[in-house]
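Chain order of the listed sequences is A and B. Heads up, the first sequence is in the numbering used here, so the first residue is 6 and it goes up one at a time. Heads up, the second sequence is in the numbering used here, so the first residue is 17 and it goes up one at a time.
Just so you know, these hints were derived from the structure itself, not from any lab. Relax, there's no trap hidden among the hints.
The calculated SDA-like cross-link candidates involving lysine to any residue, where the alpha carbons are at most 25 Å apart (straight line), are:
(1) B:K287 to B:I248
(2) A:K86 to A:E120
(3) B:K323 to B:Q253
(4) A:K33 to B:T39
(5) A:K86 to B:D21
(6) B:K323 to B:G310
(7) B:K287 to A:R184
(8) B:K20 to A:E122
(9) A:K86 to A:Y149
(10) A:K58 to A:I23
(11) A:K33 to B:M42
(12) B:K20 to A:N139
The residues making up each chain are set out below.
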Amino acid sequence: MEDTRIIALYWARSEDAIRETDAAYGRKLHVLADRILRCHEDAQECVSDTYMKAWNTIPPQRPAYFFAYLAKICRHFALGKLDWNNAAKRKADIVSLTAEMELCVPDNSLERKLEGEEIGRTLSRFLAEQSQENRMIFMRRYWYTDSVAEIAARYGISESKVKTRLHRTRMKLRTYLEREGIYL
Amino acid sequence: MNGKDLLVGLSFVDEAYVDEAETRTMKKPSPARWIPWVAIAACLCLVIAGGRLLAPGLNGSDESLKNYSGIGESESGVMGSEEGVEEGRVAVPRLEVDLNPMTSANLLAFFIYQGRSYVCYEELAAGEALVGEYLGTSVGAIDEWTPLDGYVELAGSVSGDFYAVKGYDPSFMLCMKNGDGSVVTYINDNGITLGKGAELYEDRLHLSGNYTSVDFQTRADWFYGTGVMSTIAPEHQPIVDQFLAAVNEADFIYSRDIPLEEGETSIYDDKEIYHLFFRMNNGMSTHLRLLEGGYVQFQGLTDVSVKIDQAVFDSLIGVLSE
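Generate the whole structure from the sequences, applying the supplied hints.
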C-alpha cells in the first residue's frame with residue numbers, strides 16, 4: 006500500500022493503519038533496531054513502540070517521508086534502550102560506529118556544547134553541504150548502521166570507495182564542527 | 017559531545033536525508049569515463065582519536081616482515097625512523113601499529129605485501145589494461161578488533177587478488193580488480209626516502225610526457241565534492257612544462273615543516289588552493305595538491321612536499337585562476 010494511503014488510515018483512526026505499516030516496513034524497522042540492540046526481543050519491542058508513537062503523532066503529523074519518519078522513531082528508541090556498557094563487551098557494531106564518530110569530534114575546547122536535536126540540526130547543515138553520494142554513504146553507515154560491504158553492494162561500488170568516502174566525510178565533519186566552535 | 021552523542025544526534029537529522037539514503041540509487045559511470053577519486057584523504061593511514069594518521073606497521077611478530085627490497089628504500093639504520101637519513105633527503109618512515117582501543121583499523125582500504133602496506137589511491141572505471149602479473153591475495157580480516165599479531169603478510173582491510181600495475185614498480189604501486197571491471201590502485205606510501213622531486217614524479221609516477229591533459233579544481237570544489245572541474249588549455253602547455261621541471265628539480269621537505277602564518281592552523285585548510293589532475297595516457301591520474309608559497313604534494317604521499325620557485329608557481333596559478 007502506498008505511503009499516502011497508509012497515512013490516510015492513521016488520519017481516519019483506522020486500526021488497519023498499524024497492520025499496513027507493519028506489512029510495508031515492519032521488517033526494515035526490525036532490522037534497523039536489531040542491528041543496534043543485537044537482541045530480537047528488544048528490537049521487536051522497539052518496533053512496537055514505534056507503531057505506538059506513530060499512532061499517537063499521526064495526526065497531526067503528515068510525514069513527507071513516511072519510512073524515514075518511522076525509522077527515526079525506531080532508531081531513537083533503540084539507542085535509548087541500548088545498554089552501552091554491555092554493547093562494548095559484546096563488540097556490537099554500534100561500538101565501532103561510535104568510535105568512528107568519535108574521530109569527528111574536534112579536540113578544541115571552544116564554546117558551544119550541543120544536545121540532541123541541536124546536534125541533529127548541526128549535522129543536517131553539514132550534510133547539506135556534502136555531495137549526494139558522500140551523504141548517502143555516510144547515512145547508510147552511521148544512521149542505518151550498514152556494514153561497508155552492504156553499502157558497497159547496495160550502491161554497486163567498491164568497498165574501498167566506501168571506506169575512503171567515509172573517511173573523507175568524517176574528516177570534513179571534524180573540520181566543520183571545529184569551525185562551528187563545538188566542543189566535547 | 018562525544019562519538020556517542022553524534023551517533024544519537026544523527027537521529028534528529030533531516031528526514032529527507034534518511035529517505036534519500038534509503039530510496040535513491042547511485043548513477044553508475046560510463047565505463048569509458050574516469051571516475052574522479054575525490055574522497056581520498058591523506059592516503060597514508062588510519063585515523064586515531066585525535067586526528068593523527070597512523071597506518072598498520074610492519075613491526076609485528078613476524079621477523080620476515082622487517083626486511084624488503086624496492087626502489088628508494090629507507091636507508092636509515094633504524095627501520096621506522098627518520099634518524100640517520102642522508103642530508104638533503106627525507107624519509108617517510110615505516111609506520112607503527114597503534115592498538116589503542118580508539119583506533120579503527122578498517123577505515124581505509126589497505127593490505128600488506130612483502131612487508132609493505134599499500135593504501136588505496138584511485139579507482140578506475142576501465143583499468144583492465146593496467147593489470148599486470150598476479151602477485152598474491154589479501155585475505156582481508158583486519159578490523160578494529162584485530163590484535164597486533166593479525167597485522168601480517170597478506171592481511172588487510174580489503175580482501176582479494178592483487179596484481180602489479182603495468183609500467184610501475186611493484187614496490188610502489190599495485191592494484192586490485194573489482195567484479196565490474198573497475199580497478200583500484202594501491203600505493204606503498206611509507207618506508208621510503210626521497211631527495212629530488214623527480215624521484216617521485218618521474219622514477220615512480222612517470223609523469224612528464226605521459227599525460228594527455230591536466231584538469232584542476234579549486235580547494236573548495238574538491239573539498240565539497242562539487243564535481244566542478246576545469247581543464248588547462250593547450251596553449252598553456254609551456255607553463256605546465258615549466259612547472260613540472262621545477263617540481264622535478266625541487267628538494268623534498270616534510271609537509272609538517274611548511275610554515276603557517278599567525279592565525280593559521282592547518283596547511284590544508286589555510287594554504288591549499290588548487291588540485292591538479294594529470295590525466296595519464298594509461299587512464300590513471302596523477303593528483304597533485306598546490307599550497308600557497310609554492311608547495312606541491314602528491315595526493316598519495318602527503319607527508320612530504322616540494323617547494324618550487326615562486327615565480328614559476330605563480331605563473332601556473334595565474335592560468336588556473338583565469
